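Participant: Which chain is which? The protein sequence lines are A and B, in order. So in numbering that gives the first Met the number 0, spot 99 of the first sequence is number 98, and the numbers just go up one at a time. So in numbering that gives the first Met the number 0, spot 113 of the second sequence is number 112, and the numbers just go up one at a time.
Hints should not be assumed to be uniformly reliable.
Treat identical chains as interchangeable: a pair holds within one or across any two.
[Claimed, not checked] Calculated cross-link-like contacts (lysine-lysine; reagent style DSSO-like; alpha-carbon spacing at most 30 Å): (1) LYS1 to LYS146; (2) LYS58 to LYS131; (3) LYS175 to LYS35; (4) LYS67 to LYS131; (5) LYS35 to LYS146; (6) LYS146 to LYS175; (7) LYS1 to LYS67.
Since the hints were made in silico from the structure, they are not lab data. The structure presented is a predicted model; accordingly, all values stated were derived computationally and were not measured.
Number of protein chains: 2
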Amino acid sequence: MKNPVSFIGNIPLFKSLPNGQLERLANIATTRTLKKGEAVFSEGEEADGFYVMVRGRVKIYKLSPEGKEQVLHIIGFSEPFGEVPVFSGGRFPANAQAIEEVLLMFFPRSAFVELIRSDPSLALNMLALLSKRLMQFTGLIEGLSLKDVPSRLASYLLDLSSRAGESNALELDISKSLLADVLGTIPETVSRVFARMTGEGIVAVEGRRIVLVDQKRLREISSGVVSLQLK
Amino acid sequence: MKNPVSFIGNIPLFKSLPNGQLERLANIATTRTLKKGEAVFSEGEEADGFYVMVRGRVKIYKLSPEGKEQVLHIIGFSEPFGEVPVFSGGRFPANAQAIEEVLLMFFPRSAFVELIRSDPSLALNMLALLSKRLMQFTGLIEGLSLKDVPSRLASYLLDLSSRAGESNALELDISKSLLADVLGTIPETVSRVFARMTGEGIVAVEGRRIVLVDQKRLREISSGVVSLQLK
Numbered sequence: 000m001k002n003p004v005s006f007i008g009n010i011p012l013f014k015s016l017p018n019g020q021l022e023r024l025a026n027i028a029t030t031r032t033l034k035k036g037e038a039v040f041s042e043g044e045e046a047d048g049f050y051v052m053v054r055g056r057v058k059i060y061k062l063s064p065e066g067k068e069q070v071l072h073i074i075g076f077s078e079p080f081g082e083v084p085v086f087s088g089g090r091f092p093a094n095a096q097a098i099e100e101v102l103l104m105f106f107p108r109s110a111f112v113e114l115i116r117s118d119p120s121l122a123l124n125m126l127a128l129l130s131k132r133l134m135q136f137t138g139l140i141e142g143l144s145l146k147d148v149p150s151r152l153a154s155y156l157l158d159l160s161s162r163a164g165e166s167n168a169l170e171l172d173i174s175k176s177l178l179a180d181v182l183g184t185i186p187e188t189v190s191r192v193f194a195r196m197t198g199e200g201i202v203a204v205e206g207r208r209i210v211l212v213d214q215k216r217l218r219e220i221s222s223g224v225v226s227l228q229l230k
Numbered sequence: 000m001k002n003p004v005s006f007i008g009n010i011p012l013f014k015s016l017p018n019g020q021l022e023r024l025a026n027i028a029t030t031r032t033l034k035k036g037e038a039v040f041s042e043g044e045e046a047d048g049f050y051v052m053v054r055g056r057v058k059i060y061k062l063s064p065e066g067k068e069q070v071l072h073i074i075g076f077s078e079p080f081g082e083v084p085v086f087s088g089g090r091f092p093a094n095a096q097a098i099e100e101v102l103l104m105f106f107p108r109s110a111f112v113e114l115i116r117s118d119p120s121l122a123l124n125m126l127a128l129l130s131k132r133l134m135q136f137t138g139l140i141e142g143l144s145l146k147d148v149p150s151r152l153a154s155y156l157l158d159l160s161s162r163a164g165e166s167n168a169l170e171l172d173i174s175k176s177l178l179a180d181v182l183g184t185i186p187e188t189v190s191r192v193f194a195r196m197t198g199e200g201i202v203a204v205e206g207r208r209i210v211l212v213d214q215k216r217l218r219e220i221s222s223g224v225v226s227l228q229l230k
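In isolation and in its complexed conformation, chain A is listed as follows (with noise of 0.2 Å):
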């Protein structure tokens, strides 16, 4: 590879560190080949270092108990992978084998947890990196939710109502984050819709404890005759 210290600063992972602990972040790094069909790593073994892809691709994995592949992901370029069990000490949850030939860059975990040790302001680098993409992330999932969350937020709302005997006082049965899971969406975004509701008296909110209050409105919203604005 002509300039590894180029190539690392452009890893969305490592983008926009300082010179010097790119350079620090190469000299840890090595880099390995692989042939079409070669596995990276399987799941269950320790995660000793995670990898960067230079060329190539690699497809991520599990085995169903029966042997049936299921594909998670397909790694592209400068794209990491296994970093997860990595950070947190663990085994690789998945496989991983190139799909073609692969060049890949590799961070042994020691070396990068002695890196840290020495160098602490890498790490703060890395998690305001990460953060403000979350940050990023978090609007631009709200943006995208907009239209759907709050229709469907009422329709979880009305069909507990009615499980609840068509009563007006509900017990939550999931909690914030599982709910927006089910609304395929953020929990940032059911608080904000939630606030928003209680704001108009549509609703009523105390913890778990929800009381519809403007059932007409809920229904409305959740048939799509009304959309509740969140700005």
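Got chain A sorted already, so can you dock chain B onto it with the hints?
Facilitator: Just chain B now, kept in the frame of chain A:
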């Protein structure tokens, strides 16, 4: 606060850290009470630590040159704020003010850096959490963008072509990351849509050069008559 360790363990930034690390975080954390209208921090101030909301709400805002206030975000229960400039060692990019009486938990930067130096696995665990969340968010954004991104990308390409005198061979005028912003999604999804369009023989892509192979289908996708399946 009755049980700071359990509160810290429920903050998204620290969720599911081992108990020992939660206790060490509790040891460096202090609390701060503010009255309605009091400033938490001001734009340009050195970011000497970050905050997590325990009770109440804080608004994050900027002031225009004319002194007009622009609210960026309202911070609620268990949300961290100020962590990006603290992690990257910079200054606060906006103002934070209590909009009601608030109780905050404060993590001083210097003690936090010291904690990471003595126990790098704290930083690694946080990196694992954030990486995992980013991966979930990426999947969610792809799901939410499914309908719209192919159509918007098709429109963008057709518009580019018409501005180039109806040429079929185009040079993409912006980076893929900026293009993702324009289309209201993330670079990963743009890559996936391009890959699919290439696979179906609608376009041919080589770096920033794009050939519109099948303008007819591109117009159908753009108008929504035909939808492009991503999976």
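Participant: A separate judgement is required for each hint: does it hold in the structure or not?
Facilitator: These are the hints, each one checked on the structure:
Taking the closest pair of Cα atoms, LYS1 and LYS146 never come within 30 Å of each other, the shortest separation being 48 Å inside a single copy and 40 Å across copies. When the C-alpha separation of LYS58 and LYS131 is checked against a cutoff of 30 Å, the pair qualifies both within a copy, at 28 Å, and between copies, at 18 Å. Taking identical chains as interchangeable, the C-alpha atoms of LYS175 and LYS35 lie at most 30 Å apart only when they sit on different chains, with a minimum of 28 Å there against 44 Å within one chain. For the identical chains of this complex, LYS67 and LYS131 are inter-copy neighbours only, at 25 Å across copies versus 38 Å inside a copy, given an alpha-carbon limit of 30 Å.
Proximity of LYS35 to LYS146 under the C-alpha cut-off of 30 Å is found in neither arrangement, the shortest distances being 44 Å within a copy and 33 Å between copies. Within a single copy, LYS146 and LYS175 get their C-alpha atoms as close as 19 Å, and across copies as close as 26 Å, so both meet the 30 Å cut-off. Taking the shortest Cα distances, LYS1 and LYS67 never come within 30 Å of each other, neither inside one copy (40 Å) nor across copies (50 Å).
Against the hints set out earlier in the document, violations occur for numbers 1, 5, 7.
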